[in-house]
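Trainee: Listed below are the residues making up each chain.
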Amino acid sequence: MFELTMAKGSILQGVLEAILDLVNVANVDCSSKGFSLQALDTEHVVFLSLFFPSEVFRSYRCDEDCSMGIAIADMVDLLRASNDGDIITIKVTDQNFEDITITFESPDKTKTTDMDLQLVDARSHRLKISEWHDMESEYQAIFCMPSAQFMLNCKSLSVIDDDVVIRVNEEVISFSTKGKSGCVNISHVPNKTDNPEKASVTLTHMRGPVSLTLNLRYMKSCAKVSTLFDQVKIGLSTKLPLMVECKIAEKGYIRYFVAPKITEEEEGKTETEEAKEESKKK
Amino acid sequence: MFELTMAKGSILQGVLEAILDLVNVANVDCSSKGFSLQALDTEHVVFLSLFFPSEVFRSYRCDEDCSMGIAIADMVDLLRASNDGDIITIKVTDQNFEDITITFESPDKTKTTDMDLQLVDARSHRLKISEWHDMESEYQAIFCMPSAQFMLNCKSLSVIDDDVVIRVNEEVISFSTKGKSGCVNISHVPNKTDNPEKASVTLTHMRGPVSLTLNLRYMKSCAKVSTLFDQVKIGLSTKLPLMVECKIAEKGYIRYFVAPKITEEEEGKTETEEAKEESKKK
Amino acid sequence: MFELTMAKGSILQGVLEAILDLVNVANVDCSSKGFSLQALDTEHVVFLSLFFPSEVFRSYRCDEDCSMGIAIADMVDLLRASNDGDIITIKVTDQNFEDITITFESPDKTKTTDMDLQLVDARSHRLKISEWHDMESEYQAIFCMPSAQFMLNCKSLSVIDDDVVIRVNEEVISFSTKGKSGCVNISHVPNKTDNPEKASVTLTHMRGPVSLTLNLRYMKSCAKVSTLFDQVKIGLSTKLPLMVECKIAEKGYIRYFVAPKITEEEEGKTETEEAKEESKKK
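Residue numbers (full-length UniProt numbering), protein chains in the order written: chain Y, 1 to 282; chain P, 1 to 282; chain A, 1 to 282.
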């Protein structure tokens, strides 16, 4: 038996709507502590991993660990049918895990909406990717920024082209793009503090300058999700996909891992060369 | 001579805009008491009948009974050209009933907009359908609900499919639909009182349980019109089209009669069988 | 060296967005007093001439007179990338006038966005049209109206067709159009005063009745720009294009000159005949 209740418009609903443009089907693993969802976009550029801890729901119960495949678009459609003030219950009672039942109850309890959604087989979408618990040792640079700022940057860049270069060094964090009609370069002077919970761009970790080229379309998908949260944390390494992370309550998170584009310029470059560049600048 | 005046954004304008998706041309019969309009949608599923009593207008004058055909879309387009605060006059002076004149006068009277709209021949759209004056003897069940609620139900159901089943019995009034990805069932626990003027679903008349299958598209058209009013009254009978009614002031009304879909299940069923089902439940 | 700074959302940005549907490329002539822009729409119906005096900008500097060609759509796209509160700088430092640099600086100065836009060759768009400085001697009738009213008229007329007739005489200023389904005629009773700075239609100059037939599409473009300003001034003559003018601060202006349609009725008519018509009416 799996059952959770939440208010209409809660964070789960927002996240599902926001990941919809990348993900069709996702595998969900439930335990007594919460549930995790992993999915790969259809073009295999973005790996999405999220963990919703039980505390973010009005009530949460999971008697034994279980796994189910969910058609995200259908789930989102059904959740959209809820009305303001409704209490939403998501439940699986079926032993065979064939159906998930979604119930909306109106505040005055005179109206109940029951929906059945067929579960799908999503075992092929279940990826066992180790999740970089020690981020600081894995990434060359990590910075935090208000997610509204991240979204604005993506919007500004999208007036030009679909490739964005993110560059980080001690002095500046920049987002830039280049097209036929011109070019755009956005530069942030970062704070350097361990307390990034502010309305500013903060460099929280730095082992050397780094730059990655990414498809703007995927950056915009990340930015869209991030606006459900105050802050976004971005990790860069020349050896790993870009990581974009938002925290869900204390222990939860949503993480996007975005494969960079390999540009000609970067192809032959090693981390040593990057380090040389850094020393030249100094 | 026919002439009425009204304020911009009045109920007539709202109703004409709302019926536009079903009706192209309508026949209007005018008398000194008000005017009635009857129309059949192009697919002959919905019959629409409305009566606007003279009291709902700022002024109303009809010297002798007359009949005219109106191209609803053109009329709506012209009315849209009015500005906030305008007083709208609709007038026919022409003996041959070839033109209708619409005039907008700005509040300060320095601006006048005159429009001529050609009348059309809509005699074929003039239907003389008797209008069930004794509803309670004709329908098996009649219930009232806030029209906003009716609209929300249609929206919730539309996440799935285009068929809706409305079921009424003493305990529950339900709207349900079923599709490939799942199913939705909305249940209301009805009040039972003769005073339905409340923000709740009220069963005002009940001679036995009844269910009808309808095309959701037409339900949505009815719901759209209904939101111009507070309450909607819905009558069901296995022998008649579904009736959806809203009251316009004391004596006026707008009524939709929607032909149900004949489903396999219901095809062989008689009212007696329905009655048996009811007695089983008790 | 050319450099100006302005706040996001300033009048220049609004004007560029509003002229976009008519003009692709424009020639800009800069001097120490401000800059002027001239452009012809692709169908050669509208000639647009505007002068932005240096006073409307936060800062303005032009060391020597210069001329540059700007791709308006690209410029507008880049300006759209600015965020609320940004200070926008537009600068040309390049001796060869190949690039224009646009910079946005965030209010807290921690974020800078730099953009380069290639200048284009727009010498062919540079028109040396004398600009009717003595309007009252050139036009038969000149009237002012609130630009919101002008916009509303264009919207009302657009429910019917794409030709609009503007008629001006001492008693009435009318905008009318005629289509298959009917006709619309908007009449204003004008004030007659030399102080048109009011929320009313004012006839400021009149040498005789005049009417012009224009394509509604171009009228709507003029109306769109005009809503950035309070008042619009419209000049009519049977011998000149219609003039639509809005003032930018004390010395600046934006002027549209719209070629009228030659209708059969008007083709053989001379100013004398118009004068005769006028005397008949009296």
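These are computed hints drawn from the structure, not numbers from a lab.
Be careful, since some hints might not be right.
Derived pair list, reagent style EDC-like, types lysine to aspartate or glutamate, alpha-carbon separation capped at 20 Å [said to hold, decoys possible]:
#1 P/Lys180 to Y/Asp77
#2 P/Lys109 to A/Glu170
#3 Y/Lys155 to A/Glu171
#4 Y/Lys33 to Y/Asp63
#5 Y/Lys239 to Y/Glu250
#6 Y/Lys91 to Y/Asp163
#7 Y/Lys180 to A/Asp94
#8 A/Lys180 to P/Glu98
#9 P/Lys109 to A/Asp77
#10 P/Lys155 to Y/Asp84
#11 P/Lys178 to Y/Asp99
#12 A/Lys261 to A/Asp94
#13 P/Lys180 to Y/Glu98
#14 A/Lys178 to P/Glu171
As the structure is a computational prediction, the values presented were derived from the model and not from experiment.
Trainee: Would you mind marking each hint as holding or not holding in the structure?
Mentor: Cross-check of the supplied hints:
no.: 1; hint: P/Lys180 to Y/Asp77; in the structure: holds (13 Å)
no.: 2; hint: P/Lys109 to A/Glu170; in the structure: holds (17 Å)
no.: 3; hint: Y/Lys155 to A/Glu171; in the structure: violated (52 Å)
no.: 4; hint: Y/Lys33 to Y/Asp63; in the structure: holds (11 Å)
no.: 5; hint: Y/Lys239 to Y/Glu250; in the structure: violated (29 Å)
no.: 6; hint: Y/Lys91 to Y/Asp163; in the structure: violated (42 Å)
no.: 7; hint: Y/Lys180 to A/Asp94; in the structure: holds (19 Å)
no.: 8; hint: A/Lys180 to P/Glu98; in the structure: holds (14 Å)
no.: 9; hint: P/Lys109 to A/Asp77; in the structure: violated (43 Å)
no.: 10; hint: P/Lys155 to Y/Asp84; in the structure: holds (13 Å)
no.: 11; hint: P/Lys178 to Y/Asp99; in the structure: holds (14 Å)
no.: 12; hint: A/Lys261 to A/Asp94; in the structure: violated (44 Å)
no.: 13; hint: P/Lys180 to Y/Glu98; in the structure: holds (14 Å)
no.: 14; hint: A/Lys178 to P/Glu171; in the structure: violated (59 Å)
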